[in-house]
Amino acid sequence: MTAADRTHRSIEAVWRIESAKLIAALTRIVRDVGLAEDLAQDALLAALQQWPDAGVPDNPGAWLMATAKHRAIDLFRRNELLERKHQELGKSETVMPDWDASIDDHVGDDLLRLVFIACHPILPTESRVALTLRLLGGLTTEEIARAFLAPVATIQQRVVRAKKTLSAAGVPFELPPRNQLAERLASVLEVLYLIFNEGYAATAGDDWTRPALCEDALRLGRILAGLMLNEAEVHGLVALMEIQASRLGARVGPGGEAILLLDQDRSRWNQLLIRRGLRGLALAERLTNGVLGPYAMQAAIAACHGRARTAAETDWRRIASLYDALAIATPSPVIELNRAMAHAMAFGPAAGLALADALLVEKSLAGYHLLPSVRGDLLEKLGRVEEARAEFERAASLTRNAREREVLLARARR
Amino acid sequence: MKVMAFVKATAETEAGLPPVEEFSTMMEEMGKFNAEMIQAGILLDADGLKPSSAGARVIFSGDKRSVVDGPFAETKELVAGYWILQVRSLEEAVEWMKRCPNPTGADSVIELRPHYEAEDFGELAPAVQKQEAELNALAEKNKQQ
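These protein sequence lines are chains A and B, in that order. So for the first sequence, this note's numbering puts the first residue at 193; every next one is plus one. So for the second sequence, this note's numbering puts the first residue at 351; every next one is plus one.
Treat each hint with caution, since some may be false.
[Stated by the list, open to error] If you want the footprint, here are the derived chain A segments under chain B, 3+ residues with CB under 8 Å: (1) 407-417; (2) 432-446; (3) 515-528.
[To be verified] One side of the interface only, derived from the structure: several residues of chain B facing chain A at Cβ under 8 Å: (4) A396; (5) L399; (6) Q436; (7) R438; (8) E442.
[Unchecked claim] Calculated Cβ distances over 12 Å to all of chain A for the following chain B residues: (9) P369; (10) S403; (11) A404; (12) R407; (13) S416; (14) V437; (15) A443.
Source of the hints: derived by calculation from the structure; they are not laboratory data. The C-beta atom is built at its ideal place from N, Cα and C for all residues, glycine as well.
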C-alpha cells in the first residue's frame with residue numbers, strides 16, 4: 193500500500209468515526225438535514241485535499257466541524273442560504289446559526305435526533321435504510337449500493353428524494369414527543385433489523401461484504417442502546433443481533449452450503465458475542481421486570497440456543513413457551529410455523545404436527561416450501577412415511593434454491 | 351472485522367499497579383476513552399493483564415510439555431492489556447487507538463493485529479459460485495423435462 197493509499201484509508205476511517213456526530217451537530221445548527229450533509233461532505237472534500245500533505249490532525253472531528261462552519265458562513269454571506277431558508281421557514285428575519293457551539297456539548301441528543309429523522313415514518317422503508325446507513329453509518333453511496341445489490345444511481349436518487357421529503361414536510365429536529373416515542377422507536381428498530389437481516393441472510397457465493405452489513409447494524413444498534421439506556425426493546429434488539437451474529441462463522445459449510453442451526457459446529461460460535469447478547473437480554477429483562485417485548489423475546493429464543501453447549505442440551509420447553517408468547521405479541525404465520533417446530537422438539541412430533549396442520553389453511557404460506565418441509569419431517573417421525581414423502585416432494589417443488597431442492601428430494605426418496 | 355489492540359509491557363506495567371493517586375487519574379481517563387468506544391458501538395472487549403509475575407508459560411517441544419512460572423525477563427515479549435475492536439479497517443482501529451490516553455505512564459507501544467475472519471478461508475468462494483450456477487442450471491434443465 194502506498195503512503196497515499198494509507199492516508200486515504202485513514203481519512204475514510206476518520207469519516208466513519210466522526211461523520212454521524214458532525215452531521216448531527218450541523219443539522220441542529222442549520223436545521224436542515226440535506227444542508228447539513230452537504231456541509232459535512234464539503235469538509236470531507238477539504239480533508240481529502242489537505243490531509244495527504246498536512247497529515248491527519250490531532251482532533252479530526254474539530255477540524256471537520258471548523259471547516260464545515262467556515263463553508264457555511266461563506267454560503268450565508270453570499271445569501272444563497274438566506275434565500276433558501278427564507279422560503280423554507282417563511283421567516284421574515286433570518287437567525288444566524290450558533291456557530292460557536294462545539295460538537296461535544298450536545299453529541300448524544302443530536303445523534304438521537306438524527307436517528308429518528310433518518311428513520312422517519314413518512315419515508316418509505318428502503319429510503320430510511322439508505323439514509324440511516326449514509327447519515328449515521330457513514331457509508332458511501334457506492335458501499336450502500338454494493339451491500340443491497342442495487343445500482344448506485346438508484347441509491348443516490350433514494351437519498352436525494354428522502355432529504356427533499358423531510359425538508360418539504362418540515363420535519364423538526366426534535367426528539368419525538370413522548371406519546372409518539374414508541375411508534376417512532378419501532379420504526380428505528382425495524383430499519384436496524386432490516387439492515388442486519390440483509391447481511392445475515394446472505395450465504396456463501398454472495399458478496400463477502402454482506403457480513404459487514406451485520407456489523408454496521410450491530411454498531412448502530414449499540415450506539416442507540418448507549419443513547420437510550422432505559423429502552424428495553426433497544427437492548428433486546430441488540431442482544432438478538434449479537435447472538436445471531438455469533439453464528440456467522442458457523443453457518444456455511446466447506447462446499448458453500450448453508451448449515452442449519454442445529455447442525456452447526458458450536459465451537460465456531462463466537463462466545464464473546466453470545467456473552468454480550470446474554471448481558472443485553474438480562475438488562476432488557478430487568479428493565480421490564482421480565483415482561484419482554486417482541487425483540488427481547490426473539491433474543492431470549494436466540495439465547496436458549498446460545499447457552500446450549502450442544503444441540504441436545506437445548507431448552508426446547510423454554511423456546512416453545514417463548515414462541516407461544518411471541519405468537520400472541522406479534523402473530524404471523526412464519527412465527528406460528530416456528531412455534532410448531534419448537535413444540536415438536538419440546539413435546540414430540542404429534543404436538544408439533546397439530547400446530548403445523550392448523551397452518552394448512554393459511555393462504556400466505558401457500559407457496560412457502562418450509563411448511564410442507566416441516567410437516568414432512570414430523571410425519572416421518574410419526575412413521576407416516578407415504579404422507580411424509582408427498583410433503584417432501586411438494587416442498588421440493590416450491591423451493592427455488594437448487595441445493596435445497598436436492599436435499600428435499602433426497603429425503604423423499606429415503 | 352475484528353482488531354485486537356494490545357499494550358506492550360514495560361518496566362512500569364511489570365511493576366504492577368502504580369500508586370493510588372496516579373492510578374485513579376489514569377483509570378478515569380482510560381475509562382472515558384473506553385466509554386467513547388462503547389458509545390461508538392465498536393468496543394467488544396477490553397481488560398488489563400496482571401504482570402508476568404502472576405502468570406505462567408506452557409512450553410511445547412515435540413511431545414514434551416513443560417510449565418514455567420513468571421516473572422519473565424524479556425519485557426518486550428510481554429503484553430499488559432488488550433482491547434478487541436469491531437471496525438471496518440485496520441486504519442479505523444489505528445485512528446481510535448491514537449486517542450487512547452498513554453497506557454503505561456512512560457513511552458508506550460500499542461500493537462494492533464486484525465483477527466482472521468471467515469472470508470480469509472474463502473478461497474472456495476469463486477469455485478462455490480461456479481458450482482451453484484451449474485447446480486441451478488441442472489435443476490432448471492430437469493424441471494423443463
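These are the hints, each one checked on the structure:
1. For the stretch 407-417 of chain A, the stated coverage by chain B is satisfied: 7 residues place a CB nearer than 8 Å to a CB of that chain, which reaches the threshold of 3.
2. As drawn, the stretch 432-446 of chain A meets chain B at 4 residues by the rule of a beta-carbon pair under 8 Å; at three or more, the given contact holds.
3. Taking a C-beta to C-beta cut-off of 8 Å, the stretch 515-528 of chain A contributes 0 residues in contact with chain B, too few for the three needed, and the coverage statement is violated.
4. The restraint placing B:A396 at the interface with chain A is violated, with a minimum CB-CB distance near 11 Å, outside the 8 Å limit.
5. With its C-beta approaching chain A no nearer than about 17 Å, B:L399 sits outside the 8 Å limit, and its interface hint is violated.
6. The beta carbon of B:Q436 comes within 6 Å of a beta carbon in chain A, closer than 8 Å, and the hint placing it at the interface holds.
7. Because the closest C-beta pair between B:R438 and chain A is about 6 Å apart, less than 8 Å, the hint holds.
8. Among the interface hints, the one on B:E442 holds; its C-beta lies about 4 Å from the nearest C-beta in chain A, closer than the 8 Å criterion.
9. B:P369, annotated as away from the interface, keeps every beta carbon of chain A farther than 12 Å; the closest lies near 29 Å.
10. Chain A leaves B:S403 outside its interface by the beta-carbon criterion, the shortest separation being 27 Å against a cut-off of 12 Å.
11. Every C-beta of chain A lies more than 12 Å from that of B:A404, the closest at about 23 Å, which supports listing it as non-interface.
12. The claim that B:R407 lies off the interface holds: its Cβ sits roughly 24 Å from the closest Cβ of chain A, which is beyond the 12 Å cut-off.
13. No beta-carbon of chain A is positioned within 12 Å of the beta-carbon of B:S416; the least distance is around 27 Å.
14. Chain A draws B:V437 into its interface by the beta-carbon criterion, the shortest separation being 8 Å against a cut-off of 12 Å.
15. With a least CB separation of 8 Å from chain A, B:A443 falls inside the 12 Å interface cut-off, contrary to its annotation.
Violation of the numbered hints given earlier is confined to hints 3, 4, 5, 14 and 15; the remaining hints are satisfied by the structure.
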